[in-house]
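Undergrad: Here are the chains, one letter per residue:
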Amino acid sequence: MSDAASSKSSGAARTLDLRRRPRRFERIAEAAIVAVALLSIVSVALILVFVGKEALPVLYSSVVHEEVTPLAMILPREINGHAAYLWQPVSEIPKYNIVPLFLGSLKVTVVALLFAVPTSVAAAVYCAEYASSRMREFLKPAIELMAGVPSVVAGFFALVVLASWIQRAFGTEHRLNAMVAGLGLAFATCPVIFSVSEDALRAVPQSYRTAALALGSTPTQALLRVILPAALPGIGAGVMLGFGRAIGETLIVVLASGNAALVDLNLGHSTRTVTATIAQELGEVVVGSAHYHVLFALGALLFLVTFVVNVITERALHRSRQSLSGSK
Amino acid sequence: MMNRRTTLALFALLALGTLGACARKSSDSKPGEPQATSISVKGSDTMVILGQRWAEAYMKQSAGSTIQIAGGGSGTGIAALINGSTDVCQASRPLKEKEKAEVKAKRNADAIETRVALDALAVYVNAASALKELSLPQLAKIYTGETTNWKDVGGPDHAIVLYGRENNSGTYSYFKEHVLGNKDFAAATQTLAGTSAVANAVKGDAFGIGYGGIAYLEGVHAIAIKKDDASVAIMPSLATAQDGSYPLSRFLLFVTAGQPTGLAKSFQDWVLSPAGQSMIESVGYYPLPKG
Chain A
1 MSDAASSKSS GAARTLDLRR RPRRFERIAE AAIVAVALLS IVSVALILVF VGKEALPVLY
61 SSVVHEEVTP LAMILPREIN GHAAYLWQPV SEIPKYNIVP LFLGSLKVTV VALLFAVPTS
121 VAAAVYCAEY ASSRMREFLK PAIELMAGVP SVVAGFFALV VLASWIQRAF GTEHRLNAMV
181 AGLGLAFATC PVIFSVSEDA LRAVPQSYRT AALALGSTPT QALLRVILPA ALPGIGAGVM
241 LGFGRAIGET LIVVLASGNA ALVDLNLGHS TRTVTATIAQ ELGEVVVGSA HYHVLFALGA
301 LLFLVTFVVN VITERALHRS RQSLSGSK
Chain B
1 MMNRRTTLAL FALLALGTLG ACARKSSDSK PGEPQATSIS VKGSDTMVIL GQRWAEAYMK
61 QSAGSTIQIA GGGSGTGIAA LINGSTDVCQ ASRPLKEKEK AEVKAKRNAD AIETRVALDA
121 LAVYVNAASA LKELSLPQLA KIYTGETTNW KDVGGPDHAI VLYGRENNSG TYSYFKEHVL
181 GNKDFAAATQ TLAGTSAVAN AVKGDAFGIG YGGIAYLEGV HAIAIKKDDA SVAIMPSLAT
241 AQDGSYPLSR FLLFVTAGQP TGLAKSFQDW VLSPAGQSMI ESVGYYPLPK G
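From first to last, the protein sequence lines stand for chains A and B. The numbers in the first sequence follow my numbering, run straight up by one, and end at 328. The numbers in the second sequence follow my numbering, run straight up by one, and end at 291.
Derived by calculation from the structure, the hints in this document are not laboratory data. Just to be clear, a hint being listed does not mean it is correct.
[What the hints assert, rightly or not] Each pair of labels, with its calculated beta carbon distance range:
| hint | chain 1 | residue 1 | chain 2 | residue 2 | range |
| --- | --- | --- | --- | --- | --- |
| 1 | B | Ser237 | A | Leu48 | 48 to 58 angstroms |
| 2 | B | Asp157 | A | Ser91 | 26 to 36 angstroms |
| 3 | A | Glu78 | B | Asp228 | 39 to 49 angstroms |
Source: prediction; values computed, not measured. The C-beta atom is built at its ideal place from N, Cα and C for all residues, glycine as well.
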């Protein structure tokens, strides 16, 4: 900084000279930063390649097809005259139906979002619009601190305390169930959705508020008709991040969901998610076996689901952002 | 703009560094060498606590040697033995033929199973439950989902809540083979990681049923088992496990690739000595029958 200041007073030629030296250093620094940035992209890409490579044999390998075909992973199996979706990989006849697992993941994620979205968005609205600055300075870090709670702790809490409360309150048939796991997950997703939504709300220009109030709307009208719609893309992004966090979370659901691969929509029943299945079974499988490849296929599918959902919402958000700026 | 060669060079450096670090690490530790003063023991969750007690006592009397005990399940331990990442595998079930063949192929030595202790696999229900006994066929029907209500086995009119172990567990395999006759567990069976988690779940669930090592009995009570509907019900105990009258007793094993050598051998010999065997009951399992 001082170099730049002193160079201003000297001649133009010297300024160039002075500039050249930091430039070389800057270039190296820039190259290093680019390399590090690329490294993270490359490693993510390599992980994808690896997962894909281990997952693809499900489609063509004869070793896998001896035990399961891609179609058998989705279609029900006829057992004693009625159709059943079964995940029983360690068995005389291994059964790898992925329907109960994805349904399980969906169930806990929906429960988590149903609970986390309203509460975190409401908290964000309060923090950004109503709270005094001192209150806000206390609230925001406090809520964001929740994100720092290790998921094993959240899972253990759900397993020991939450499960008993919920069974007492709702009389659920299984003590560990989709509701318990979903609420445990909400604990992990709330801070994500809150933090992003709050930032989005605060990024709405002050002029929107003053204009809305000047036009005679009440503060509530201004919030519902002007500020929330303007912050919607950001809130949407927060919800998406929360969705990704919830569907990808493993430890909480391993501990709190009971891990029974059932196909029903009863939230009081135990449920088994994709992530929990991978985490619990991958340690034991023989590398290269059908079970091994099916587990990787599960991982690849899970990635695909989150990717597609992300792309769709990103597009929707983009469109809403455009229409917002268009109507301005 | 950006100098491509610089980036490439940086990449190469990073890659080399990583490779170098990896290479050095893997050549440092060769498991199973005679001079090894450190071995790793991995496998059955049922045996983790037992293994740790043994290792602590052994390390106290022979300073300088380190024995690391890890759980994960018998299947995990056997996989580690096949891959050569553990010296001794603790297993609560014998190896399958397929696994023995893999040890032979990858480690170039036969898998040697040594019986080190005796366990009675207990079936437990909530401490408040009045249920006293079940027969193996009844138990099989319960866990395959044929019997779903406690009233069918002499209990209250309430659905049975099934708890069990993950499928990488030796206890899972043992139960499936010896109780279910290799039929599948009911889909509604909640699978938990570790016997203590199962015991804990049954403790908190008045209508739950679980199974696991005899050592985990806090807040739950074990029930007597009848071999078939006509035979006498037998409680798991030292005497009934050792004379084989309890239908669900099993041997706990150390498995090594080839005869154990060095520290692994002296540790195993100590475990089989009176000093090692006398510790077993304090953990909740039973010593091997004498002779």
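Undergrad: Using the beta carbons of Ser237 (chain B) and Leu48 (chain A), state whether their distance is inside 48 to 58 angstroms or not.
TA: 55 angstroms, holds
Undergrad: For the pair Asp157 (chain B) and Ser91 (chain A), does the Cβ-Cβ distance stay inside 26 to 36 angstroms?
TA: 32 angstroms, holds
Undergrad: Taking the Cβ atom of Glu78 (chain A) and the Cβ atom of Asp228 (chain B), is their distance within the range 39 to 49 angstroms?
TA: Violated: the Cβ-Cβ distance is about 31 angstroms, outside 39 to 49 angstroms.
Checked against the numbered hints above, the structure violates only hint 3.
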